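Taking the hints into account, I'd like the entire structure generated from these sequences.
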Amino acid sequence: MNKVMSNKSVIALYVIPSLLLILALIYMPILLTGYYGLMKWDGVGKMSFIGLHNYTELIRDELFWNSAKHSFLLAIFSTLSLVVYLIVALVLSAQIRGANTFRKIYLIPMLLSSVAIAQLWLKIFHPTNGVLNHILASLGIEHTPEWLSNPSIVLYAIFIPILWQYAGFYILIYYAALKNVPSSLIESARIDGASPWRIALSIRIPLIAEVMKVTVVLAVVGSLKYFDLIYVMTGGGPNGSSEVMASYMYRKAFKEYDFGYASAIGFFLLLICLVMTWLIRRATVTKDSIQYS
Amino acid sequence: MVRKTLTMSMAAVVSLGMVLTGCSTGSQPAAQDTAKATASGNATTTSSAQPAKKVNIKMMHLWPAGSSATQNKIVNDIIKEYTTANPNVTIEQEVLENEQYKNKMKVLSTSNELPDVGFTWAAGYMDPYVKGDMFAPLDDLLQGDLKDKFVNGTTNAYAFGGKTYGLPVELNIVPVYYNKAIFAKYNLQPPKTYDEFKNIVKTLSSNGVAPIALGNKDRWTGSLWYMYLADRIGGPETLKKAIDRTGTFNDPSLVRAASEITQLVDMNGFNKGFNGLSNDEGKAEFMNSKAAMYMMGTWELPNYTTNKDVPQTFKDQIGFFKFPTVDGGKGNLDSWVGGPGVGLFVANNSKVKDEAKKFVSFFVQKWGEHAISEAGVIPATKVDTSKVKLPQMYIDLLNELNKASNITLFADVQMKPASAEVHLNMIQALFGKAVSPEEFAKKHEEALAKESK
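Note that the protein sequences, when read in sequence, are chains A and B. First residue of the first sequence? That's 21 in the working numbering, and the numbers climb one at a time after it. First residue of the second sequence? That's 7 in the working numbering, and the numbers climb one at a time after it.
DSS-like mimics (lysine-lysine), calculated; alpha carbons at most 30 Å apart, straight line: (1) A/Lys245 <-> A/Lys143; (2) A/Lys60 <-> B/Lys112; (3) B/Lys246 <-> A/Lys275; (4) A/Lys143 <-> B/Lys208; (5) A/Lys245 <-> B/Lys449.
Hints in this document: simulated from the structure, not taken from any laboratory. What you are looking at is a predicted structure, and each value in this text was computed from that prediction instead of being measured.
Laid out in structure tokens, this is it:
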């Protein structure tokens with residue numbers, strides 16, 4: 021086996037097909053998007069080169085920055101919600117009864133497709149027949165909110181299913197990481213008289229710090245390029261009050277046939293994600309990872 | 007045991023998810039298969055043809071057998087009829103759903119490989135294709151075989167610079183449907199003037215009935231209301247001119263139309279939360295008899311006449327009225343908002359252009375005969391109401407159509423794509439009272455000025 025793997029041509033044989041695929045399907049389109057971003061192009065006719073015009077327009081585009089603000093709000097909320105997921109995972113990974121069942125329940129939303137989730141929540145948020153407003157009405161609230169049509173609450177209303185959708189995913193990651201913490205460490209801490217609170221803060225959380233960094237990056241980048249539920253549930257409306265960067269890009273490309281500008285947005289979005297990833301990695305850098313064993 | 011039921015339910019959820027994601031694409035391969043089958047079926051009949059040159063016409067349409075069964079059948083019937091009469095011709099179909107159809111058109115056009123014959127939407131949608139020289143002008147057909155076959159003015163939406171690049175197969179106008187039972191309960195009569203209409207709205211909303219069903223997430227639904235008010239207040243030309251830049255959205259009558267909308271909203275004229283509901287959800291309020299009125303195109307007619315899934319008692323309750331006139335306004339009762347739906351085009355680089363044109367001409371005429379009686383689709387060609395057997399509501403509306411003084415094309419179709427988006431967003435904002443009528447006009451002016459450069 022070792023002999024085969026040390027043969028360079030064999031390594032190339034294994035690596036090249038997937039390398040080509042990734043180059044052709046991921047890196048080429050990224051480069052092309054950057055290229056289209058320099059063009060004036062309606063998606064059908066001929067392109068004409070206009071240099072950085074799309075980007076200068078983008079910098080001044082109020083609607084874009086409005087959608088960017090919404091995307092960043094989503095990123096903040098998903099990062100904050102990580103704390104809740106961590107607490108849930110800490111509880112689940114302690115030896116409590118039914119932990120297994122709960123873990124599976126939390127995971128179920130992840131198994132549903134986004135469109136199914138959107139349809140489900142559309143029913144829940146329905147202004148007259150929705151479950152949510154029925155409950156509120158039975159509690160005696162007269163003017164039940166119009167969740168998806170009131171511009172000042174629609175964004176937050178739509179965050180709920182988005183966060184709910186990914187809860188299981190992060191809980192599962194934390195749960196798996198916490199299960200990897202050697203039980204001997206926890207055992208000895210307990211013998212030394214440490215409270216569960218103390219154990220969590222001083223042993224379990226520090227030991228999964230690396231995983232937490234990864235989840236923060238995932239949550240932030242995932243939020244910045246988020247698209248599906250918003251597209252299905254509100255289409256970015258009413259009047260752009262739930263628009264995010266990706267849905268704005270979609271609107272520009274497929275509704276207004278401005279592919280050049282949409283490509284510029286796409287490329288800009290990529291840059292924002294790269295910068296954010298870099299910033300997060302930098303902010304959370306630690307000299308050496310904590311090890312107790 | 008618990009564990010077992012859990013895994014079972016998990017499996018159920020997984021498979022449910024698969025079904026849900028799967029069904030969107032599921033119908034389509036089947037449709038394509040049948041299309042291929044008919045195409046190859048036609049191919050075998052050609053082998054016995056006379057020495058005429060064999061011609062293969064590629065056609066793309068948007069009525070899969072799964073979701074639009076009757077239209078699909080009519081297309082196949084017409085093709086069969088044509089290929090039997092012209093055994094040297096084979097017609098190869100490709101069938102896609104609406105959105106996929108639009109996407110495929112875009113992809114094919116970038117590589118200049120449009121089908122010989124296909125469908126396009128009017129005005130703004132086809133603009134880039136016409137500019138890119140991808141569609142062939144069809145004026146020779148309009149002067150020849152199809153002379154005087156179309157309802158007046160319906161091909162205008164497909165004309166650019168004096169040439170017509172598409173032939174419409176559908177025509178829709180927009181009446182206001184109303185629930186006679188609800189009207190009777192509160193002693194109301196279909197309105198003739200806008201003041202009467204506002205009184206109806208007041209009566210209904212004070213009795214806890216939603217006066218008008220509207221799903222304004224889709225935005226063009228609300229645009230219909232604005233267009234009618236603009237027409238009745240300013241006459242049919244004011245809005246048209248504002249859009250083609252010979253006029254302006256700052257015109258007092260257009261600003262007043264916008265402020266009438268905000269008044270309707272203030273009177274609780276529309277069902278709750280309309281800005282967050284899709285057209286289908288809004289429509290559901292009307293179909294459940296929770297809302298009394300619903301303004302929508304004549305494509306809804308089957309739901310009130312022939313559709314077997316709708317209970318007969320409900321269908322009997324539905325009537326329609328024309329949008330009432332506004333006191334002192336310039337518009338009259340017989341001016342309609344509406345427009346042609348999809349139309350046929352012939353690709354400019356088609357190798358069989360003449361054959362394709364001949365087929366298109368045949369198709370338009372046959373479609374006119376079949377569409378209304380079989381699918382309830384009003385064709386853009388003239389219909390002789392004395393010859394076809396139709397539900398009364400169809401006949402009434404067709405007669406209205408024949409005496410229509412004007413048909414104003416949907417505003418978002420009249421505009422170019424970017425302005426259309428601004429218009430639709432502004433409609434949503436206006437209905438949501440996020441902008442004033444003056445701002446509404448201002449944003450339109452900005453967008454239209456920018457795009458007309």
